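**Student:** The residues making up each chain are set out below.
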Amino acid sequence: MSLPPAIVNLSVATQTGRHVRLWLPIFLLWPLVLILGLIGLAFAVVADAVLALLGRRFHHCTLVLIRALAALGAARGTAINVSTQTSAVAVTVE
Amino acid sequence: MSDDRTRILSLLAAGKISADEAERLLDALETQKSAGAASGASAIKGDPEPLITALPKYLYVKVAAVNGDNVDVKIPIALVRSGLKLTSLIPPQAMDQISASMAQHGMSVDFTNLKPADIDELITNLREMEVNVDSQNGDKVRVFCA
Numbered sequence: 086m087s088l089p090p091a092i093v094n095l096s097v098a099t100q101t102g103r104h105v106r107l108w109l110p111i112f113l114l115w116p117l118v119l120i121l122g123l124i125g126l127a128f129a130v131v132a133d134a135v136l137a138l139l140g141r142r143f144h145h146c147t148l149v150l151i152r153a154l155a156a157l158g159a160a161r162g163t164a165i166n167v168s169t170q171t172s173a174v175a176v177t178v179e
Numbered sequence: 016m017s018d019d020r021t022r023i024l025s026l027l028a029a030g031k032i033s034a035d036e037a038e039r040l041l042d043a044l045e046t047q048k049s050a051g052a053a054s055g056a057s058a059i060k061g062d063p064e065p066l067i068t069a070l071p072k073y074l075y076v077k078v079a080a081v082n083g084d085n086v087d088v089k090i091p092i093a094l095v096r097s098g099l100k101l102t103s104l105i106p107p108q109a110m111d112q113i114s115a116s117m118a119q120h121g122m123s124v125d126f127t128n129l130k131p132a133d134i135d136e137l138i139t140n141l142r143e144m145e146v147n148v149d150s151q152n153g154d155k156v157r158v159f160c161a
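Respectively, the protein sequence lines represent chains A and B. Note that our numbering has the first sequence beginning at 86, numbered continuously upward. Note that our numbering has the second sequence beginning at 16, numbered continuously upward.
These are calculated hints, taken from the structure and not from any lab test. Treat the hints with caution; some may be incorrect.
Label-pair ranges, simulated between beta-carbon atoms [unchecked claim]:
| id | chain 1 | residue 1 | chain 2 | residue 2 | range |
| --- | --- | --- | --- | --- | --- |
| 1 | A | V135 | B | S25 | 55 to 61 Å |
| 2 | A | E179 | B | V76 | 31 to 37 Å |
| 3 | B | P106 | A | G158 | 41 to 47 Å |
| 4 | B | P107 | A | A127 | 21 to 27 Å |
| 5 | B | K72 | A | A98 | 23 to 29 Å |
| 6 | B | V78 | A | G140 | 44 to 50 Å |
Cut-off 20 Å, straight-line C-alpha distance, at most; resulting in silico cross-link-like pairs (EDC-like, lysine to aspartate or glutamate) [to be verified]:
| id | chain 1 | residue 1 | chain 2 | residue 2 |
| --- | --- | --- | --- | --- |
| 7 | B | K130 | B | D111 |
| 8 | B | K72 | B | D111 |
| 9 | B | K100 | B | D125 |
| 10 | B | K89 | B | D35 |
| 11 | B | K72 | A | D133 |
| 12 | B | K89 | A | E179 |
| 13 | B | K155 | B | D87 |
| 14 | B | K72 | A | E179 |
| 15 | B | K100 | B | D149 |
One-sided and incomplete, this derived list gives chain B residues near chain A with beta-carbon spacing under 8 Å [said to hold, decoys possible]:
| id | residue |
| --- | --- |
| 16 | A79 |
| 17 | N82 |
| 18 | D84 |
| 19 | I90 |
| 20 | D111 |
Note that this is a predicted model, so its numbers are computed, not measured. No residue lacks a Cβ here, since even glycine has one placed at the ideal position from N, Cα and C.
Using the sequences provided together with the hints, build the complete structure.
**Tutor:** Written as structure tokens, this is what we have:
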């Protein structure tokens with residue numbers, strides 16, 4: 086599993102000459118995500134145990150949470166550029 | 016023409032590598048040749064197969080409209096893989112609804128049969144995928160992995 090994205094760059098340029106660049110340090114949210122992830126993981130383990138005891142077919146909440154976090158980490162490197170005749174927007178996840 | 020260049024062009028002609036991969040290989044060949052021209056040795060040492068069969072890292076979607084609008088999206092293959100793995104964990108009840116809804120819109124894809132081995136095979140084969148759409152009005156859409 087790779088590290089989650091650390092920075093999101095957002096750039097918006099318009100025909101009028103306005104150019105906005107945002108550098109979002111989302112690595113500051115890592116501790117919060119870690120805490121929420123651990124709490125969610127505890128709930129997911131309990132939920133899976135209950136679902137398994139009840140004989141339900143689906144009891145993979147823990148796996149879903151882990152893979153969702155892995156997907157979050159895999160988002161690093163995503164880049165989206167949209168440009169029209171009047172404006173341009175670029176988003177990069179690093 | 017050198018043996019290496021001939022091999023790369025043969026692989027391209029046989030459809031085993033894409034034009035982009037061939038270009039990268041030829042660039043690497045030129046770089047290595049210029050660096051080691053004096054030695055006279057082959058630019059690609061050993062079997063180039065690992066280089067050729069390397070998994071793609073990104074999925075690119077490029078849309079170029081005639082009116083000047085452009086969309087350029089680069090998605091890490093790791094994200095595609097993670098997404099597919101998540102798909103295989105969707106609860107059966109929700110999956111039934113998704114499948115029914117997709118069937119209504121003409122897409123009868125059954126994700127319940129998607130196994131991890133299938134996902135790996137799918138990702139491996141993505142390197143050979145290339146979609147090029149040229150519309151009548153000149154709009155172009157290109158989807159490929161590199």
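**Student:** Now look at each hint and say whether the structure bears it out.
**Tutor:** Consistency of the hints with the structure:
Our hint of 55 to 61 Å for V135 of chain A and S25 of chain B holds, since their Cβ atoms are close to 60 Å apart. Evaluation of the 31 to 37 Å hint for E179 of chain A and V76 of chain B yields a failure: the beta carbon distance comes to about 19 Å. For P106 of chain B paired with G158 of chain A, a C-beta distance near 23 Å fails the hint of 41 to 47 Å. Checking the proposed 21 to 27 Å range against P107 of chain B and A127 of chain A shows it holds: the Cβ atoms sit about 25 Å from each other.
Evaluation of the 23 to 29 Å hint for K72 of chain B and A98 of chain A yields a pass: the beta carbon distance comes to about 28 Å. Judged by the Cβ atoms, the range 44 to 50 Å given for V78 of chain B and G140 of chain A holds: they are separated by roughly 49 Å. Our distance criterion of 20 Å between C-alpha atoms is met by K130 of chain B and D111 of chain B, whose separation comes to about 17 Å. A hinted pair counts as satisfied when its Cα atoms are at most 20 Å apart, and K72 of chain B with D111 of chain B does not qualify at roughly 32 Å.
At most 20 Å may separate the alpha-carbon atoms for a hinted pair to count; K100 of chain B and D125 of chain B meet this at roughly 14 Å. Simply put, K89 of chain B and D35 of chain B have alpha-carbon atoms about 16 Å apart, close enough for the 20 Å limit, and the pair holds. For the suggested pair K72 of chain B and D133 of chain A, the alpha carbons sit about 34 Å apart, so the restraint of at most 20 Å is broken. Between K89 of chain B and E179 of chain A the CA atoms are separated by roughly 12 Å; this keeps the pair inside 20 Å, and the hint holds.
Between K155 of chain B and D87 of chain B, the direct Cα distance comes to roughly 12 Å. Compliance with the 20 Å bound is thereby established for this hinted pair. A distance of roughly 15 Å separates the Cα atoms of K72 of chain B and E179 of chain A; the hinted pair therefore holds under the 20 Å criterion. A distance of roughly 32 Å separates the Cα atoms of K100 of chain B and D149 of chain B; the hinted pair therefore is violated under the 20 Å criterion. Using the Cβ-Cβ criterion of 8 Å, the hint placing A79 of chain B at the interface with chain A is not satisfied: the shortest such distance is roughly 10 Å.
Interface hint status for N82 of chain B: upheld, as the beta-carbon distance to the closest one in chain A is roughly 7 Å, under 8 Å. Hint status for D84 of chain B relative to chain A: holds, with the closest Cβ pair at about 5 Å, below 8 Å. The criterion of a C-beta within 8 Å of any C-beta in chain A is met by I90 of chain B, whose closest approach is roughly 6 Å, and the hint holds. Given hint, D111 of chain B at the interface with chain A, is violated; its Cβ is 12 Å from that chain's nearest Cβ, farther than 8 Å.
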